[in-house]
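2 protein chains.
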Amino acid sequence: MRQYPKPIETLVSLFTYLPGVGPKTAVRFVFYLLKQPKSTMARMASALQELHDAVVTCDVCKTYSTEPVCDTCRDGKRDKSLLCVVAQPRDVGTLDAAGFSGRYHVLGGALSPIEGITPDKLEVASLLVRLRQEPVREVILAFNPDIEGEATIMYLSKQLQSFSVRVTRLARGLPAGSDLEFADEVTLGDAISRRWEI
Amino acid sequence: MRQYPKPIETLVSLFTYLPGVGPKTAVRFVFYLLKQPKSTMARMASALQELHDAVVTCDVCKTYSTEPVCDTCRDGKRDKSLLCVVAQPRDVGTLDAAGFSGRYHVLGGALSPIEGITPDKLEVASLLVRLRQEPVREVILAFNPDIEGEATIMYLSKQLQSFSVRVTRLARGLPAGSDLEFADEVTLGDAISRRWEI
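Those protein sequences? They're chains A and B, same order as listed. Numbering of the first sequence is given in our numbering, commencing with residue 1 and proceeding in unit increments. Numbering of the second sequence is given in our numbering, commencing with residue 1 and proceeding in unit increments.
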């Protein structure tokens with residue numbers, strides 16, 4: 001590849017750090033920015049700097065926050081008896097958008113021995129501490145239905161046996177708007193055995 | 001969509017300005033950055049700031065540069081008799097990588113009356129000035145083979161009639177590694193009529 005002026009090359013190589021962005025897309029991003037009003041670049045620069053400076057991890061639930069304790073944890077209207085355990089901070093937004101109104105605990109990932117993600121790398125200890133201190137009656141293990149997610153659900157459900165809490169997981173079934181024809185056997189099997197009364 | 005902490009929301013909305021990046025991808029980018037070492041964000045912020053501060057348009061060929069006159073225009077080893085006219089600054093890199101060693105003129109776009117891109121919006125006047133001043137013997141019109149590119153080639157070739165320069169365009173033909181079966185009729189027709197002696 002030809003060398004572009006240095007400031008362009010620098011940003012191109014940094015943009016390739018983003019997930020799914022290769023050199024060609026990164027070049028496209030940078031040249032697109034160069035065609036925008038200069039204020040766009042300045043605003044993006046200061047937004048990154050602010051992300052760097054202002055975002056911390058919530059002391060309680062471990063999601064991203066601008067305060068030591070996040071908005072969700074400080075929200076008195078939330079149901080303290082329901083605790084939803086998720087892998088990533090972004091899952092908090094996804095579940096909130098779906099209407100969940102309990103509280104969260106962000107594990108920081110899912111178990112994956114191959115990638116070296118063992119229980120001690122995750123926020124398991126802090127979860128157990130919370131369960132001892134908070135009036136939680138149900139723990140929802142809201143992980144992706146993949147190998148890592150299933151392993152994490154298995155592991156956590158064992159850890160939670162000694163607590164007097166109900167332990168649940170998200171239902172598997174047909175996604176809204178999907179087609180029977182393209183559903184995999186496991187999903188369809190679950191959708192049949194857990195069928196709803198109409 | 002749920003509100004994330006403000007610094008996250010701000011950067012998400014700025015990332016959606018990038019071509020091909022929707023809200024979901026932008027969220028993915030920001031949460032990915034949050035998982036990286038903090039230095040990545042700071043470096044990206046300063047790279048954007050430097051792009052904002054340091055990149056200008058070359059006085060001669062109108063490509064992006066960190067100097068008033070770009071490296072390519074100051075390079076004494078380049079063939080001054082060959083002038084390649086391109087739509088965008090990034091085309092300069094693309095053609096250089098393919099081995100072109102003449103000089104460039106960046107038009108700043110291709111003609112598109114529908115989008116309001118008329119000749120006066122492009123660097124046409126500065127091209128004609130250069131042709132009067134520089135020892136150019138051949139002008140290569142290196143535009144995309146699409147409607148706008150073809151319109152620009154037509155328009156420029158008329159403007160260049162009064163100059164004693166050879167006016168050429170890039171060859172159409174089968175891309176390397178492609179399959180006859182998927183070639184369109186125009187491309188294949190050109191590839192036949194302009195076939196090479198082996």
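Check each hint, because a few of them may be wrong.
Pairs involving identical chains hold if they fit within one copy or between any two copies, as the list cannot separate such chains.
[What the hints assert, rightly or not] Here are the simulated DSS-like cross-link-like pairs (lysine-lysine), alpha carbons at most 30 Å apart as the crow flies:
hint: 1; residue 1: Lys-80; residue 2: Lys-38
hint: 2; residue 1: Lys-77; residue 2: Lys-38
hint: 3; residue 1: Lys-6; residue 2: Lys-158
hint: 4; residue 1: Lys-121; residue 2: Lys-35
hint: 5; residue 1: Lys-24; residue 2: Lys-35
hint: 6; residue 1: Lys-6; residue 2: Lys-80
hint: 7; residue 1: Lys-24; residue 2: Lys-38
hint: 8; residue 1: Lys-6; residue 2: Lys-35
hint: 9; residue 1: Lys-158; residue 2: Lys-24
hint: 10; residue 1: Lys-80; residue 2: Lys-35
hint: 11; residue 1: Lys-38; residue 2: Lys-6
hint: 12; residue 1: Lys-38; residue 2: Lys-158
hint: 13; residue 1: Lys-158; residue 2: Lys-80
hint: 14; residue 1: Lys-38; residue 2: Lys-121
hint: 15; residue 1: Lys-35; residue 2: Lys-158
hint: 16; residue 1: Lys-6; residue 2: Lys-77
hint: 17; residue 1: Lys-24; residue 2: Lys-121
hint: 18; residue 1: Lys-158; residue 2: Lys-121
If you are wondering where the hints come from, they were derived from the structure by calculation, not from laboratory data.
Comparing the hints with the structure gives:
no.	hint	verdict
1	Lys-80 to Lys-38	neither (47 Å within a copy, 33 Å between copies)
2	Lys-77 to Lys-38	neither (43 Å within a copy, 34 Å between copies)
3	Lys-6 to Lys-158	neither (54 Å within a copy, 37 Å between copies)
4	Lys-121 to Lys-35	between (43 Å within a copy, 14 Å between copies)
5	Lys-24 to Lys-35	both (17 Å within a copy, 24 Å between copies)
6	Lys-6 to Lys-80	between (53 Å within a copy, 25 Å between copies)
7	Lys-24 to Lys-38	both (22 Å within a copy, 25 Å between copies)
8	Lys-6 to Lys-35	both (17 Å within a copy, 27 Å between copies)
9	Lys-158 to Lys-24	neither (47 Å within a copy, 34 Å between copies)
10	Lys-80 to Lys-35	between (50 Å within a copy, 28 Å between copies)
11	Lys-38 to Lys-6	both (18 Å within a copy, 23 Å between copies)
12	Lys-38 to Lys-158	neither (55 Å within a copy, 35 Å between copies)
13	Lys-158 to Lys-80	within (22 Å within a copy, 75 Å between copies)
14	Lys-38 to Lys-121	between (42 Å within a copy, 19 Å between copies)
15	Lys-35 to Lys-158	between (56 Å within a copy, 28 Å between copies)
16	Lys-6 to Lys-77	between (52 Å within a copy, 21 Å between copies)
17	Lys-24 to Lys-121	between (35 Å within a copy, 27 Å between copies)
18	Lys-158 to Lys-121	within (18 Å within a copy, 68 Å between copies)
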